[in-house]
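**Student:** Here the structure of chain A is known, so what remains is to put chains B, C and D with the ligands in place on it, guided by the hints.
Protein chains in written order, with the working numbering: chain A, 1 to 341; chain B, 1 to 341; chain C, 1 to 368; chain D, 1 to 368.
Mixed in with the good hints there might be a few duds.
With a straight-line Cα cutoff of 25 angstroms, these simulated SDA-like cross-link-like pairs (lysine to any residue) come out [stated by the list, open to error]:
1) Lys-268(A) to Gly-302(A)
2) Lys-54(B) to Leu-208(D)
3) Lys-268(B) to Gly-302(A)
4) Lys-54(B) to Arg-38(B)
These are calculated hints, taken from the structure and not from any lab test. As the structure is a prediction and not an experimental result, all values here were calculated from the model.
What follows is the residue order along each chain.
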Amino acid sequence: MVEHIAQPPAAPAEAGAVLTLVEAVRAALWEEMARDPRVIVLGQDVGRKGGVFKATQGLLAEYGPWRVLDTPISEAAIAGAAIGAAMMGLRPVAEFQFADYIHPAYDQIVNHAATIRWRSVGGWGVPVVFRAPFGAGVRGGVYHSQSVEALYCHIPGLKVVVPATPRDAKGLLKSAIRDDDPVLFFEHKWSYRRYREPVGGPDELIPIGQARLDRPGRDLSIITYGVGVHHARQAADALAAEGLLVEILDLRTLAPLDHEAIARTVRKTSKVLILHEANKTMGIGAEIAAFIAEELFLDLDGPIVRVAAADCHLPYNAAEEDAIIPNPDRVYQAALRLARF
Amino acid sequence: MVEHIAQPPAAPAEAGAVLTLVEAVRAALWEEMARDPRVIVLGQDVGRKGGVFKATQGLLAEYGPWRVLDTPISEAAIAGAAIGAAMMGLRPVAEFQFADYIHPAYDQIVNHAATIRWRSVGGWGVPVVFRAPFGAGVRGGVYHSQSVEALYCHIPGLKVVVPATPRDAKGLLKSAIRDDDPVLFFEHKWSYRRYREPVGGPDELIPIGQARLDRPGRDLSIITYGVGVHHARQAADALAAEGLLVEILDLRTLAPLDHEAIARTVRKTSKVLILHEANKTMGIGAEIAAFIAEELFLDLDGPIVRVAAADCHLPYNAAEEDAIIPNPDRVYQAALRLARF
Amino acid sequence: MASEEQSRASSPTTELVVESASEATPLDEGALLLRIYRLAVLTRAVDERLWIFSRQGLAGFVLTPRGHEVAQIASALTLRVGHDSAWPYYRDMAVGLTLGVTPYELFLGALGRADDPHSGGRQLSMHLSSPRLRIATVSSEIAAHLPQAVGAAYAARVLGQDSVAVCWFGDGATSEGVTHEAMNLAGIHRLPVVFICENNGLAISVPLALQMPIASVAARAAAYGMPGTSVDGTDALAVYRACQAAMARARRGEGPSLVELRVPRITPHSSQDDDSYRSEAERAAAAAADPLPRLRRELLARGGWSEEADERLVAETRAAVAAAADRALAQPPPPPERARRWLFAGDPPHPYLAQLERAGRAEGDRHG
Amino acid sequence: MASEEQSRASSPTTELVVESASEATPLDEGALLLRIYRLAVLTRAVDERLWIFSRQGLAGFVLTPRGHEVAQIASALTLRVGHDSAWPYYRDMAVGLTLGVTPYELFLGALGRADDPHSGGRQLSMHLSSPRLRIATVSSEIAAHLPQAVGAAYAARVLGQDSVAVCWFGDGATSEGVTHEAMNLAGIHRLPVVFICENNGLAISVPLALQMPIASVAARAAAYGMPGTSVDGTDALAVYRACQAAMARARRGEGPSLVELRVPRITPHSSQDDDSYRSEAERAAAAAADPLPRLRRELLARGGWSEEADERLVAETRAAVAAAADRALAQPPPPPERARRWLFAGDPPHPYLAQLERAGRAEGDRHG
Ligand SMILES: Cc1ncc(C[n+]2csc(CCOP(=O)(O)OP(=O)(O)O)c2C)c(N)n1
Ligand SMILES: Cc1ncc(C[n+]2csc(CCOP(=O)(O)OP(=O)(O)O)c2C)c(N)n1
Ligand SMILES: [Mg+2]
Ligand SMILES: [Mg+2]
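In isolation and in its complexed conformation, chain A is listed as follows (with noise of 0.2 angstroms):
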């Protein structure tokens, strides 16, 4: 069996190295899992082939199968032996192979992941990594294009993690594996290979719970996270040239929200446009959004908007597609309308 799985690649680079995304996720596995033995990685083809976006290629050959496991498809075990696995004292990284197919194990992370802390008053702990690529973009159909990420921000004792970039993604999924508590750490799959640049090095850690400001302006906030970061910068450079400054805060944590770095932003500017490639309805957006109704009344100036999928199933066909999901335009045009507000 040995002799077929693919060729392990180098281990991973050095502080500085430019990476994708899903270079990033693997260089952060392999490093985690070589400094701490309890480190473990499970999910369907993760081993023999290493992921079906390479992510975890390589881990098999370095690290064994017990490890790094095959597991059947059994969404509910993985996510379960997940949890007990860490109760003894295992860090186990438990990878879903699309966003869309985590419903199964949805009651193991809610009802168990999220409770075991609290329900035996700190007894228990369950320091595990729930991994996968969602996101849309890439002609996916129904099955390979959900985001899920607002399904968990409901939930106390959930933190949600979601990197827009190489560096962010090494940093914090060394953070979330290094958590003592459930971590749900969703990918985007479309920018997994689309945008390279230098990461940190093994010991960079980047804290979970703090956004990030990608881009400081003055007239106009867009806060996002994920793809949407990548839609607001192009966004952001088409409306410099209309004279706007506009500001991106990345929010990298959706559970728990960074809620100072939100509040610095809406009173710099006053104007707020929410964006995300989810569903607009019961998105992140709409706790940003009541979040600032609520706490930051006063240093409004003109409505918040949120940009986001028109609350549809995601197609196969282009077209339907980029008819539901925002894009850079979309942004650009609602902030404008906003600006102008």
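**Tutor:** Chains B, C and D with the ligands alone, transformed into the frame defined by chain A:
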């Protein structure tokens, strides 16, 4: 076996009968099963026991074991079988014994019931009602207290209904059963036997998607649903003593939201308090506030206040539970502050 | 239990009566094999064309039945089309073709065209759906359709319809919790379900030994009080007989069955997969187990089929498939403003689907 | 596979060596039976008190082990406390008492008191949890702990610990999808898990015939490549032997087992249930199968136990339990401002739990 079935109670009463919420649910089931042989009921203990809250009492004796099915503890199969049966022409009403145990069926509901019509361009439909008792205040602990309604409002293709009163429960459940699409129907268990009122007759349908003006007012709107309506009434009575006229809007349906009714009350009072027993973060209050902050910004005269659970799991002990969930006094205090803003 | 009243004996069936796919007359084995072979040749031709579309960037994601064809066709031939309900999975192109889906319709789907009657171009290729043929809408999700098929069988019992629910799935699906729940529920109520596992020994890269601790899927049937059979899925008659027996049992009201069809997976998992996790020898063994050459040899050996007839069949099939592909290519994608249509009941019907349904009903009227 | 390196032969065990619950010396059958009996009497006394609390409105929801006691105790005695991990369900009061949970601690939980070391009064009665005793936190949810127990066994393998995960559940749990997934995963990797099904023939009101199409839970073990045994759960020695054999197998690295213990459910499902769905005869048959009188008769017949000793034991136990109940009653409920504590790591420890853990560790130091 038949001899041990609990005595079948008399068939439900006519229009004007004074019923509790759980009796109204049972009456709706009874009538719809009598009216339409395609209606079946399935779930754990719905037959011989008549449901742990007696919502299905007497149905087995009346309609027989093929139409009233005691299932194994297999939530995913309960939902999945209901979906498949609905595709083939039945109108199943699937009961989850507690909303806390609906999570194992999350995949069937969000990935299938919600998508089947859309993904088959209308070829197949899923007329299923997923019923579950939900809500806190009964000292039921982590697994008999949850409010899960918000977890379905992000998903296109689903309707989410939460009746507050017996009359609405009856009329809305009948509409849900006759609806051609999947409806999640959540019944607040603390309210099951606390209030009685005259209910409508066999032909009174209360339309899904329409809020109900529970009490007209002037100074401030409380937008709420479920047990929140009863808390709001108490708070409003107390506020009347302060000279404040509070308007209460009972949403009744959370998906789709009745945006027009929300807009009407906001335009009328300009001050909004949203109340729900579900956790504050990412409860449906977030979406309502975001909608108002986006579409009715200029109509607002104060921050949008949310009174909701304190983002926590719910304990068995009363001291901690009461600290977490809203009550009439907390609504009163928050409303008073808002009115004076 | 009142259930007893509702159970009815089904019409008697003899083993090689094909009560399906538009004919209900007895067939001899030779005719059956030829029928299976024609459909297999058709399937292969469509499949070849799909891979070309994939390489051309015209079809985004191709899931191929190669190696499974005979298993799919011979099992699907045991259904009464439009009467029994069919619950295939994403690899079941040949189930579709056998039940009456046309290559043109498949191409419309793979190319994401507006007229695709399965999903209007919303789902990946081979995600069948046809109310008229009683083919349930396929999802990409493993095993999720099993409890739904059981629900369909339950509905048939409640409605007093003599309809069987037939459900196809891969070995990978046996690890899902819903599979257990579905088989259990079917067993408890002796529902008319036939569970057909196309066991190719792989769930993408995960070999059977990492999927289950026992060697045979069929052995699990015992846990659900139903018979399980494991047959060589490249042996057309064996497949047909096993499925026919399971169908007959279901129609007699005796309950569900599990039929395991052992098949090779000749290609990578999909057009996105590189198969790098299999050795050269493993891939060669799969290719060597191709059911098509075997069936062809068998037909030639039996007589009544010739090299010339075979060449003609292949050529004619290829030409017909190419024409269907060209027709589909000429069709437009969906209009973007249609994206949210059919989220709920009440929208106007999908035009091409409605046309097919009307035609199907008319045909049904004629036959009925 | 590298896994082979990590598998190790476990220490040899003979059938009636109790390597558990604080002793590791050979016991004769009589001593073992007496030990089980003492724990059963204790369990019954605690249970009786809980029903009183329930009737007084002091305990909201009582889940009772009545009928299951001997099955729970004899199985729990085969664990090495604090070493093997225990994954009980809500009915397993006697598992807790056997492993070292005290009546006082149970009452703290049932009464929702701040000091409850299991959950600080956050969960219903009998929802055990003890890191020190390696008892996982019980949830009210059926079957959800099975994959978690399998994960614990997996962790033991990865960490090179000779620890078995023992998992208790009812017949109702066998219908859940996760049960299938968990047993399958345990079977594939031959993990050290013992699955113990306390089969009382009812999931609340739903009888076994509506839960599964076969008569025996143990028969399902074959689907997962593991041995399955079904034993009379009121026969203390039979239970002990079956579980001991399963533990020994797990420790030898040979993989999981499924042990079915057939028990009566003597009471309604819970204090909220009226049992109206059972006939008088069914309830009487359950009561007649009470394991306590049987065990008592057995002890008296063997000699070495007398009516007087028995009366003394019952009286002393009741007095001790009453004292524990009174102590627990005197404790305060949790301070409301504590409600959100322990949602995440980093909060100060629960005071009484921390105290127990410290004492447990100190004791461990002495013994180790
Ligand atoms: C619930 C779920 N989890 C994961 C996947 C991703 N996935 C797609 S195909 C596949 C393997 C399926 O194997 P099998 O059932 O044997 O069918 P085969 O492709 O071999 O015919 C997986 C894991 C999925 N589609 N659904
Ligand atoms: C997932 C889930 N569904 C439903 C319930 C409600 N419920 C509580 S106990 C019970 C019956 C359990 O029966 P069994 O497993 O046989 O255990 P027993 O109570 O008979 O010991 C049910 C259905 C639950 N707790 N969890
Ligand atoms: Mg396969
Ligand atoms: Mg039971």
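**Student:** Give a verdict on every hint.
**Tutor:** Results of checking the hints against the structure:
1. Lys-268(A) to Gly-302(A): Holds: Lys-268(A) and Gly-302(A) sit about 13 angstroms apart, inside 25 angstroms.
2. Lys-54(B) to Leu-208(D): At roughly 22 angstroms apart (the allowed maximum being 25 angstroms), Leu-208(D) and Lys-54(B) satisfy the hint.
3. Lys-268(B) to Gly-302(A): Holds, because 20 angstroms separates the two Cα atoms, which is no more than 25 angstroms.
4. Lys-54(B) to Arg-38(B): At roughly 22 angstroms apart (the allowed maximum being 25 angstroms), Arg-38(B) and Lys-54(B) satisfy the hint.
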